[in-house]
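*Asks:* Sequence:
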Amino acid sequence: MTPGYWKLNRLIEKLNLSKHCKLVSYSHQQLQEVMRCGDYYISLTTTDGTPISILEAMANGVIPIMSNLRCHKEWIKHLENGFLLDISTAEEVTKGLMLSLKHNQKASLFAEKNFELLKERADWYKIMPEMEKFYNFIYER
Numbered sequence: 312m313t314p315g316y317w318k319l320n321r322l323i324e325k326l327n328l329s330k331h332c333k334l335v336s337y338s339h340q341q342l343q344e345v346m347r348c349g350d351y352y353i354s355l356t357t358t359d360g361t362p363i364s365i366l367e368a369m370a371n372g373v374i375p376i377m378s379n380l381r382c383h384k385e386w387i388k389h390l391e392n393g394f395l396l397d398i399s400t401a402e403e404v405t406k407g408l409m410l411s412l413k414h415n416q417k418a419s420l421f422a423e424k425n426f427e428l429l430k431e432r433a434d435w436y437k438i439m440p441e442m443e444k445f446y447n448f449i450y451e452r
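For the sequence shown, the positions run 312 to 452 when our numbering is used.
The hints are simulated quantities; they were obtained by calculation from the structure and are not laboratory data.
A hint or two may mislead.
Subject to a maximum C-alpha distance of 30 Å in a straight line, what follows is the list of computed DSSO-like cross-link-like pairs (lysine-lysine) [what the hints assert, rightly or not]:
hint	residue 1	residue 2
1	417	437
2	413	388
3	388	424
4	325	384
5	388	406
From a predicted model like this one, the values you see are computed outputs, not experimental measurements.
Turn these sequences into a full structure, and let the hints steer you where they fit.
*Replies:* Okay, structure coming up:
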């Protein structure tokens, strides 16, 4: 385990959170299996780029609940394939989470839309030829 693991583990113990937190290490395959056990992927960050974890969650049929950031809007359309929440206050976050629970019946529709979106925009075999063209264009200039 890394030094960061032990530091975080001591903090969890110090804050008496051991009953509620568990630090785990999974292989990529195990992580996919664990992810499929959940219904939602929640990331309420104040700044971000496009996190690979959101794409993995979407690929595994997990419904994204994200902070309403521009980079998340590139992938998530509120109430169409996930949820974008105002995270300015705890009350707003609570309202957003409650809204996501109300729309639970749309989970399979969201999962289908996300899978299609990923096939269209995140397929390695579609993207790489375009990247190659782009780099060749730059190189030839």
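*Asks:* Now tell me, hint by hint, if it's right for this structure.
*Replies:* A quick look at each hint next to the structure:
1. 417 / 437: holds (29 Å)
2. 413 / 388: holds (17 Å)
3. 388 / 424: holds (10 Å)
4. 325 / 384: The given pair, whose Cα atoms are some 37 Å apart, is violated under the 30 Å limit.
5. 388 / 406: OK: residue 388 and residue 406 at ~17 Å, within 30 Å.
Violated hint: 4 only; the structure is consistent with all others.
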